[in-house]
Amino acid sequence: MTDTQISAPGAGIGRSGRVALAMRGMHHRLGPVLAVVAALIALWYLAAIPMNAQNSLMLAEREGVALTPATASERRNMSGLALTLAEPSQAVARAFAQDRPRLPSPHQVLAELWDSTVNQNVTSKRSLVRHAGITLAPTLLGFVIGSLAGIALAVGIVHSRLMDLSVMPWAIASQTIPILAIAPMIIVVLNSIGVQGVLPKAIISAYLSFFPVTVGMVKGLRAPSPSDLDLMRTWNASATRTLLSLRLPASLPYLFASLKIAVAAALVGAIVGEFPTGAVSGLGARLLAGSYYGQTVQIWSALFGAAIVAAALVAAIGLAQRVTLKRMGLS
Amino acid sequence: MTVAAHRPARLVPWGLALGGFVLIGVAFLVGWQLALVLAVWLALWAVNVGVAGTTAGTWAAPVLFGLTLLILWELTVRLFNVPGVILPAPTQIAVALAENTNTLRADFVQTVLKGALGGWLIGSTAGIATALLVARSDFLRRGLLPVGNFVAALPIVGTAPILVMWFGFGWESKAAVVVVMVFFPVLVNTVAGLADTTSMQRDLMRTYGASAGQDLRYLRASSALPFVFNGLKIATTLALIGAIVAEFFGSPTFGLGFRISTEVGRLNLPVVWAAIVVAAVTGSLWYGAIAMLEKRLTFWHPSQRGRR
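Chains as they are written, first to last, in our numbering: chain A, 1 to 331; chain B, 1001 to 1308.
This is chain A alone, in the form it adopts within the complex:
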């Protein structure tokens, strides 16, 4: 966007030049994105027809509509696609408004999202805002703990050759193992010694956000060029002064990049942390309850709720990144 000239055609018409340029830039990127999103939604609607065909035809039969494979037993072994081709009108007409569809259509999910956020009191058990808040608390707590610990370890690694040699390979190797697998164990073990509520989930979130931040920050703290470091040395700067005035500012772009990964991982950790104890509230608990009772619309709305929370968290860090880097004159 910055490469667009202020004298570009149409730059100053109507709005202020800067706004117009921003709009043009938006248009340039927004068009393709909207097209792709529209294509995905269309695909989704299309997929809902064969996915729900079995159920659609059962509903039609109950209402006394004559069908070509007449009985349910004949239809059981047919695929959704075959059923759709056999009874296209019924399959299409009834695919998008079922109570418990195999694949709910987008508008059903949106309606449920709207109903469970705007129409519900925040204190109600059906309110998705409440569940999101319950999951958000351990996410943020764990994210803060994990990031601070990660930054501290990275500072140690950069300043101590011994720590660099001995700890760093393990920090990198830990990225290759499925850490999430230990989530149930942490929850149950802490539960057995009487620690419940926010803390166990926060520990999982902290653990998941710890390593990305460590690895990213080590890279960032080493980002200053040798000539910059030499300059600090000619000024007889102490290690602390070099850290505060050179290494930390230089590491910020790396820090923000890894914070984005870390906050997304922290949310996944908090959600998965709700699975093993059969928690009753939180986004993960909604997913679990939905899968127990076959409430597909509820699962999908919880999933989209989680997606919105994740997007908001990443966007918040992106905003902080832009503001900070702009004030530092780096972008």
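Do not take every clue at face value.
[Claimed, not checked] Selected chain A positions facing chain B (Cβ under 10 Å, derived; list incomplete):
| no. | residue |
| --- | --- |
| 1 | R29 |
| 2 | G31 |
| 3 | P106 |
| 4 | M185 |
| 5 | W235 |
| 6 | A311 |
| 7 | V314 |
| 8 | A316 |
[Stated by the list, open to error] Now the in silico label distances, taken between C-beta atoms and shown as ranges:
| no. | chain 1 | residue 1 | chain 2 | residue 2 | range |
| --- | --- | --- | --- | --- | --- |
| 9 | B | V1082 | A | H107 | 48 to 58 Å |
| 10 | A | V122 | B | A1212 | 26 to 36 Å |
| 11 | B | R1206 | A | G31 | 24 to 34 Å |
FYI, nobody ran anything at the bench for these hints, they're computed from the structure. Note that CB positions come from ideal geometry on N, CA and C, so glycine has one too.
Add chain B to chain A, keeping to what the hints say.
Chain B only, in chain A's frame:
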């Protein structure tokens, strides 16, 4: 790194050693167990300081660090009588690993070979194939990259209950979760890689009169390779996570995720840890295998040459 390696290592940090002795003395007032653990830790640390100064330090220091952690873990559990339901000792985990080899092998086949590897292969192939189609259109690329990046940041593990509902409790549903998790990182990386050519290189191909296929084969495929491997490496970890977490929502009576969740319920922690060890070792080896393949195929790339 290279600059630091030439710096002469400090011989013996006497101040630190004195501080260590004082610390052990204070710890002795609390309890001899604590003093012993601290003494062992400081001794091993001192050895590690010595090792780090030698040329063998690059591999000996991390190994020694890992050993130190294991020894301290074992000592702490034994000296303080930590109950096995909270934290089993490494030796207990090793015993559990040896006793349950057959169970864990069946779990490994179910979760890793069928669920994770199957899903990883399908998802990566689909991701790369889609990327090859998308890369031909600038419009699609500009639309798909932001969407793909967005989706890659979402908690996709959450689709597990839906996919288990669709594909049943067998390994197929786990593979499906893995496909969904793996697809977007591979797609986004491959698309970015296929676009990572300079206008100079593209112009050269055009002056040669290269067809789209030749352009892809001789220019874009090789420029995309480092990116593709990056995506594949991210995907290995995601694949294992997906296959394990999906088993929490329903599975046959074997599989690593099933093993972890049921044995946790029975507070049989050594077996849980054994299953985690299997998952961790698998993850590292798988990642290592892809990294080695990357080294073989993209030896010309600056990131690979710089490592020597």
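So, going through the hints one by one against the coordinates:
1. For A/R29, the interface hint holds, since its Cβ comes within 10 Å of a Cβ in chain B; the closest pair sits about 7 Å apart.
2. Satisfaction of the interface hint for A/G31 is found here, the shortest Cβ-Cβ separation to chain B being roughly 8 Å, below the 10 Å cut-off.
3. Violation of the interface hint for A/P106 is found here, the shortest Cβ-Cβ separation to chain B being roughly 14 Å, above the 10 Å cut-off.
4. Checking A/M185 against chain B: minimum C-beta separation of about 5 Å stays under 10 Å; hint holds.
5. With its C-beta approaching chain B no nearer than about 19 Å, A/W235 sits outside the 10 Å limit, and its interface hint is violated.
6. Because the closest C-beta pair between A/A311 and chain B is about 7 Å apart, less than 10 Å, the hint holds.
7. Because the beta carbon of A/V314 sits about 5 Å from the nearest beta carbon in chain B, less than 10 Å, this interface hint is met.
8. Checking A/A316 against chain B by beta carbon gives a least distance of about 13 Å; that is not within 10 Å, so the hint is violated.
9. Taking 48 to 58 Å as the suggested C-beta distance range, the pair B/V1082 and A/H107 conforms, at roughly 54 Å.
10. The hinted window of 26 to 36 Å between A/V122 and B/A1212 is violated, with their beta carbons roughly 56 Å apart.
11. A hinted range of 24 to 34 Å holds for the C-beta pair B/R1206 and A/G31, which are about 27 Å apart.
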